[in-house]
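Q: Using the working numbering, the first residue of the sequence shown is number -6, and each one after it goes up by one.
Any given hint could be a false lead.
Pairs of lysine-lysine, DSBU-like flavour, derived with a Cα cap of 35 angstroms [as the list claims (entries may be wrong)]:
#	residue 1	residue 2
1	K151	K203
2	K117	K201
3	K129	K203
4	K203	K117
5	K117	K151
6	K129	K201
7	K151	K137
8	K151	K201
9	K129	K151
Calculated from the structure, these hints are not laboratory results. Computed from a prediction, not measured in an experiment: that's the story for all the values here.
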Amino acid sequence: MSKVSGGSPSVKSKAVYRVKNGSSYNRALVARGSLTVWLDDSLWRQWYDQRPCQRGAQFVYSDATIAWMLTMRVLFGLPLRQTQGFIQSLLDLMGLAVAVPDYSTLSRRQGNLAVVLPTRCPDKPMHLVVDSTGLKVYGEGEWKVRQHGWSKRRTWRKLHVGVNEATGEVVAQTLTSHRIDDASQVAPLLTQVDEAVEAVGGDGACDKQKGFDALATPPSEPSIRPIIALRKDAII
-6 MSKVSGGSPS VKSKAVYRVK NGSSYNRALV ARGSLTVWLD DSLWRQWYDQ
44 RPCQRGAQFV YSDATIAWML TMRVLFGLPL RQTQGFIQSL LDLMGLAVAV
94 PDYSTLSRRQ GNLAVVLPTR CPDKPMHLVV DSTGLKVYGE GEWKVRQHGW
144 SKRRTWRKLH VGVNEATGEV VAQTLTSHRI DDASQVAPLL TQVDEAVEAV
194 GGDGACDKQK GFDALATPPS EPSIRPIIAL RKDAII
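Construct the complete structure from the given sequences, taking the supplied hints into account.
A: This is the structure in structure tokens:
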């Protein structure tokens, strides 16, 4: 496939592509719609919950089963009912005689499911960057509020994240109410990081004593260097 650009050099034009390998290009387009699902055999061995019986109703399906079905739901953008039907059809095609959790089970279990984020172990101590963002869980749109004012109370949550500066990978997260400040979440974020941390960076919202106290380490362990962006009203 060759690239042909037209127009004056001073005018930015859209590139025009001419297909010269039509047969292979067509096969590639067909392959985009193919579906191959690789499933680990260990999933079937832990399909049903194997924890000891406790008081009250018992779980039928394991957390791994629920997590896998919810992952497929997000991957293909399916509602809960369609997720149940999709997984049932997939297992029927594979000839597996296992029961499939219904949509109501998925709805109940997803709220308390403990999700473990896979992480890559770096070969050197990590530079952790912490920040937060607001999540509106109830309320009116921003345009309506700006144009006509608010008529309903808006509810917000605050998502605090810790990111590996070198890879951009989210390695820690906490969800709090909007009243919780960023500095108070430095310690909870650090407890979720299993790798060594050499520095923690953040904006002026972390420039509080509680944020620096979270970086205090025992004398026998390597120290963590704070990197805090200066506030606008800081005096140098």
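Q: Determine for every hint whether it applies to the structure shown.
A: The hints, checked one at a time:
1. K151 <-> K203: Satisfied, since the Cα-Cα distance of roughly 18 angstroms is no more than 35 angstroms.
2. K117 <-> K201: Measuring from Cα to Cα gives roughly 28 angstroms; hence the hint holds.
3. K129 <-> K203: 27 angstroms, holds
4. K203 <-> K117: Roughly 27 angstroms between the alpha carbons, so the hint for K203 and K117 holds.
5. K117 <-> K151: Between K117 and K151 the Cα gap is close to 30 angstroms, so the pair holds against 35 angstroms.
6. K129 <-> K201: 26 angstroms, holds
7. K151 <-> K137: Distance ~22 angstroms between K151 and K137 Cα, so the pair holds.
8. K151 <-> K201: 18 angstroms, holds
9. K129 <-> K151: The hint holds at about 9 angstroms.
The structure is consistent with each of the numbered hints, conforming to all of them.
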